[in-house]
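Chemist: Listed below, chain by chain, are the residues.
Number of protein chains: 2
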Amino acid sequence: MQKLIECVPNFSEGRNKKVIDKIFSAAKKVKGVKVFELEFDKSHNRCLFTIVGSPENVLASVFESMRVATKLIDMNSHLGEHPRIGATDVIPFVPISGVSMKECVDLSKKLGKKVARELKIPVYLYEDSATRKDRVNLADVRKGEYEGLKREIKVNPDRKPDYGASSLHPTAGAVVIGARKYLVAYNVNLDTKDISIAKKIAGKIREKDGGLKAVKALGFNVGGYAQVSMNLVDFEKTNFDDTFREIEKWTKKFNVKIKSSEIYGMIPLEAVVRAIRYTFKANSFKSDQILEKKLFE
Amino acid sequence: MQKLIECVPNFSEGRNKKVIDKIFSAAKKVKGVKVFELEFDKSHNRCLFTIVGSPENVLASVFESMRVATKLIDMNSHLGEHPRIGATDVIPFVPISGVSMKECVDLSKKLGKKVARELKIPVYLYEDSATRKDRVNLADVRKGEYEGLKREIKVNPDRKPDYGASSLHPTAGAVVIGARKYLVAYNVNLDTKDISIAKKIAGKIREKDGGLKAVKALGFNVGGYAQVSMNLVDFEKTNFDDTFREIEKWTKKFNVKIKSSEIYGMIPLEAVVRAIRYTFKANSFKSDQILEKKLFE
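Top to bottom, those sequences are chains A and B. Counting along the first sequence from 1, when you hit position 279 you're at 261 in our numbering, and nothing is skipped either side. Counting along the second sequence from 1, when you hit position 39 you're at 21 in our numbering, and nothing is skipped either side.
Please note: incorrect hints may appear among the correct ones.
Copies of the same chain look alike in the list, so a pair counts if it works inside one copy or between any two.
[To be verified] In silico lysine-lysine, BS3-like type, Cα no more than 30 Å apart, as pairs:
id, residue 1, residue 2
1, Lys263, Lys241
2, Lys241, Lys231
3, Lys24, Lys181
4, Lys263, Lys175
5, Lys276, Lys198
6, Lys11, Lys268
Calculated from the structure, these hints are not laboratory results.
All chains, full assembly: derive it from the sequences and hints.
Modeler: Given below as structure tokens:
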């Protein structure tokens, strides 16, 4: 199986299109990766895009984009609504196929060391790469943002970076790097306008309240109808088809029906194959049986 | 969407591995295609493999393999159990994604003309490319096999080829070329040893007996258990998930259960995406949302 990971770097520039394009182009220049879905937002003053490829190629690609961002973004004049601590703000590595979480953690550390050494930017490890409990959540690492961290990093031992010096890069600040699982966004729409039913079902299925593992769920009003909106943070534990069946069970109790569902954004092939395997009791079905997959191996 | 077709050429050589390898290698030499799943059988004295890529590249690849087969196989000394009329016996073009059946028909005709002109082999068009009703089925076109056709092609106007002269190539015979839909092989295993139930369900679901469109089905004994074995000859009409649900309905009437199912061999991504779309009412789900698909576009 081909080794494949995803990386979604976030940069603190959402207004100057020339700068955004230079960062995006730098990532694209590395061979053997696909770089796509550039998004930027003026009020957040932030951009992000997706890199997919082998671990080594993705690392090279994201590093090139960081090198450009480090040169072109000055955090001392950066204003935006979104929390941030650096020119390159966050870099998550996500296993897609043939790569373990351990390998992604190792890769994040490899990039962290390289960034500290070559770009002189202090690095914090988060999520599965975190070295301390209070660095697992991104919000905790970004506490005080660029302006607050500038002072704190020098005096507070709890803010000492995992790699690099205990002082921010003069213009590029600091960066958060880590490995995390792929997040599947999945919504189930009900044929009722009674939003309270969506809220009740969300409460039944989310992990926090004793529901399905690795499921975050909320009930919303979308276009006048009730929607159960989910983030599946580990589709190997609970996949979209599992939540569909569970919600279907609850709709019967509330005497409503599922109108439709939507997989939002991108999804790894393995999640789709798993859903087929389980739903149709096709235990031997493998992604290698997908004809198109032959073409990218 | 990337244009993608499949081609599964069949050659009349299943014993001499050197010849088989030369034919296989010739197909592989063309850039931009994947060539895989070489199979050969001594008693059939026949080999086949799969080529996947853009229409033009697949045409170039299969033509190179035909050129070698024409040089190395002499039908006058060919013996084997499988019906055949030529060194290259059959060439089906199958649309996979972004390509219409019409384009595959046109491609088969383009190859047919090229083969008649450059290799001096008479060509019969079959399946969706057929120019006469009695050439739709492969068995009809191969009637009398190489030995019978050698005589008939010269005297019987009904055996006049679509392209090329009305006489066989002295060593390579004739070839059947055409376009057809992708065939999905799908089996559903029941938790009963009563094979008659599988046979009855097969009778209920196959098109021939008034069942589901584009479904061929038989009941078998596989490892002591009853199996409904299907060929889905047009998954856009009836997909594997449709047959699963239909069989599930019948199992309830016969008071048995579905034990497991199996997708046999390769399957186009679109068939899998369709199954997800329909089963989970995810009408907007598209194959473009599959992360890995980004890599082969």
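Chemist: Decide, hint by hint, whether the structure agrees.
Modeler: Status of each hint after checking the structure:
1. Proximity of Lys263 to Lys241 under the C-alpha cut-off of 30 Å is found in both arrangements, the shortest distances being 25 Å within a copy and 7 Å between copies.
2. For a Cα distance limit of 30 Å, the shortest separation of Lys241 from Lys231 qualifies both inside one copy, at 14 Å, and across copies, at 22 Å.
3. Proximity of Lys24 to Lys181 under the C-alpha cut-off of 30 Å is found in neither arrangement, the shortest distances being 32 Å within a copy and 64 Å between copies.
4. When the C-alpha separation of Lys263 and Lys175 is checked against a cutoff of 30 Å, the pair qualifies only between copies, where the shortest distance is 19 Å, while the shortest distance within a copy is 34 Å.
5. When the C-alpha separation of Lys276 and Lys198 is checked against a cutoff of 30 Å, the pair qualifies only between copies, where the shortest distance is 27 Å, while the shortest distance within a copy is 34 Å.
6. Only between protomers do Lys11 and Lys268 lie at most 30 Å apart by alpha-carbon distance; the minimum there is 28 Å, versus 33 Å within a single protomer.
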